Amino acid sequence: MTAEAQATTRDNRQLRKYNYEHFWLKHLLADLWRTVRGEGVQPGSEAPDFELESTEGNRVRLSELRGSPVLLHLGSAT
Amino acid sequence: MRFFDVFLRQAHPGELRGPYRSYEEKLEDARRYKREEGLPWPVLVDDLAGTVHRTYSGEMADPVFLIDSEGRVSFYGMWTHGPTLKRAIDELLAEGGRGVALGLDRTPHLLASFVDGWRGPRRGGRRAVLEYDLGGFGAGTLSFLGNKAKPLLGPIALRATPLPTGAKLALGGGLVAAAAALIVGLRLRR
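In order, the protein sequences belong to chains A and B.
At position 37 of the first sequence the residue is numbered 37 (the numbering used here), and the sequence of numbers has no breaks.
In the numbering used here, each residue's number is its place in the second sequence (first place is 1) plus 1000.
With the rest of the complex left out, here is chain A (with noise of 0.2 Å):
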């Protein structure tokens, strides 16, 4: 296998991971376990960048935005 191939499978495998099939107690332990160690951005630094699509096709990029407060909820429709 190539070195391209494998790094193909890689992702394709963390794909996978992240877009897990089946909801298991391993997933609401791993939030437990993020809570207690309060992973995340932490309040006071800086919010990370990032330019994303909108179901109505507009693209958004965070920097855009300064000069006013933006809340962000990070959802699921399940």
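Heads up, some of the hints might be wrong.
Quick list of in silico lysine to aspartate or glutamate cross-link-like pairs, EDC-like style, CA-CA up to 16 Å [unchecked claim]:
| # | chain 1 | residue 1 | chain 2 | residue 2 |
| --- | --- | --- | --- | --- |
| 1 | B | K1034 | A | E53 |
| 2 | B | K1150 | B | D1105 |
| 3 | A | K17 | B | D1029 |
| 4 | A | K26 | B | D1105 |
| 5 | B | K1034 | A | D49 |
| 6 | B | K1148 | B | D1116 |
| 7 | A | K17 | B | D1047 |
| 8 | A | K26 | B | D1133 |
| 9 | B | K1086 | B | E1059 |
If you're looking for bench data, these hints aren't it; they were derived computationally from the structure.
Fair warning: this is a prediction, and the values are worked out from it, not measured in the lab.
Based on these hints, arrange chain B on the given structure of chain A.
Chain B only, in chain A's frame:
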């Protein structure tokens, strides 16, 4: 202040909504989600690998961030909770939209997620609810019951303004008294 949802992977995939296998599939489901939830603000779609999700929160299922007018994180709620969020927004706006307001909220707000958390797994289907039960100590059933009891528990669990401590104590005391009265009543009937 501007509001955005960032659309994530399926938290409770099931036979009705399985895991996304392409960005287009995720985008399409985000459109449906915005419609179903009646969200008036934009829904931004994270990439298939969950880059924004993982960067911001590890992989928390339902986190919320307030970012101040200078682009710094003002508040991070690891388990989104309406009343706490409202308090953080009020505090941030009172400070002119700058600085840290409330900081980090790590409390797993379980009552609110059971009272208002049924729509998610239900959209996934029966398998999603079953797996939520198995992997979440009965959380699927608790969400089902919480949804049924919403008229009763909603005003307590989902209120926009936090209850004062006195009211919380009175409420807790009331519930304990009601439970005690129920137990005594059942014993007397025997």
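Quickly compare the C-alpha distance for K26 of chain A and D1133 of chain B to 16 Å and report which way the hint goes. 13 Å, holds
Verify the proposed pairing of K17 of chain A with D1029 of chain B, using a straight-line Cα cut of 16 Å. Since the Cα atoms of K17 of chain A and D1029 of chain B sit roughly 20 Å apart, the hinted pair is violated (cutoff 16 Å).
For a C-alpha distance cap of 16 Å, please report whether K17 of chain A and D1047 of chain B respect it. Holds. K17 of chain A to D1047 of chain B sits at ~14 Å (cutoff 16 Å).
Does the structure keep K1034 of chain B and D49 of chain A at a Cα separation of 16 Å or less? 23 Å, violated
Pairwise hint evaluation, E53 of chain A against K1034 of chain B, where the allowed Cα distance is 16 Å at most: Holds, because 14 Å separates the two Cα atoms, which is no more than 16 Å.
So if I understand the rule, the pair passes when the alpha-carbon distance is 16 Å or less; does K26 of chain A with D1105 of chain B pass? 22 Å, violated
For the pair we were handed, K1148 of chain B and D1116 of chain B, check the Cα-Cα distance against 16 Å. 10 Å, holds
Within 16 Å, alpha carbon to alpha carbon, are K1086 of chain B and E1059 of chain B? With a Cα-Cα distance of about 23 Å, the restraint between K1086 of chain B and E1059 of chain B is violated, given a limit of 16 Å.
Taken at face value, is the distance from the CA of D1105 of chain B to the CA of K1150 of chain B at most 16 Å? 24 Å, violated
Violation of the numbered hints given earlier is confined to hints 2, 3, 4, 5 and 9; the remaining hints are satisfied by the structure.
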